[in-house]
Amino acid sequence: MAHYLSNLNSSDKYDAGPNYHSNKIVNSKLVLLGDTSVGKSCIVVRFAKNEFYEYQESTIGAAFMTQLIDIGECTIKFEIWDTAGQERYRSLAPMYYRGASAAVIVYDITNKKSFEGAKGWIHELKSVHSNDIIIALAGNKKDLEKNRVVDREVSTQRADLPLSH
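In case it helps, our numbering puts the sequence shown at residues 1 to 165.
One or more hints might be untrue.
No farther apart than 20 Å at their CA atoms in a straight line, the calculated lysine to aspartate or glutamate pairs in the EDC-like style are these [what the hints assert, rightly or not]:
| # | residue 1 | residue 2 |
| --- | --- | --- |
| 1 | K141 | E116 |
| 2 | K29 | E79 |
| 3 | K119 | D151 |
Keep in mind that the hints were calculated from the coordinates and are not lab data. Because the structure is a prediction, the values reported are computed rather than measured.
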């Protein structure tokens, strides 16, 4: 079971809930990247709190959350960085994804331009990390399926995106 903890530092003492045992804790930095308004913050809030807000204010710079997930005898402490997608903040992105173990590149299934923008995010990320980062591509806004413009087949095939995993 996952537990939501906000602004947790690795040196903090915490109660991870009733299912917590003294497992080994592995820190893993996860960053969400994508163009503006693709729903990165909504994904983080859904993952961390299992909540959905119809309206989400734009992220300024980046937002940070911590999420614990028990896997066998190990607890993964995800440090999740939700980056701003606006062009004016793009130059800050490398500061947030430096040292990341994994990245989720998010696009909006109702916005073809955001899918094309995913290529740029992946190229940028790979230029800094080479092949030492796990990259996932996520089509978001499934609730707007009737407005889909990014074809399922194309997105499933990753549209020749330069993904290593």
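Structure-based check of each hint:
no.	hint	in the structure
1	K141 x E116	holds (16 Å)
2	K29 x E79	holds (5 Å)
3	K119 x D151	holds (16 Å)
Checked against the numbered hints given earlier, the structure satisfies every one of them.
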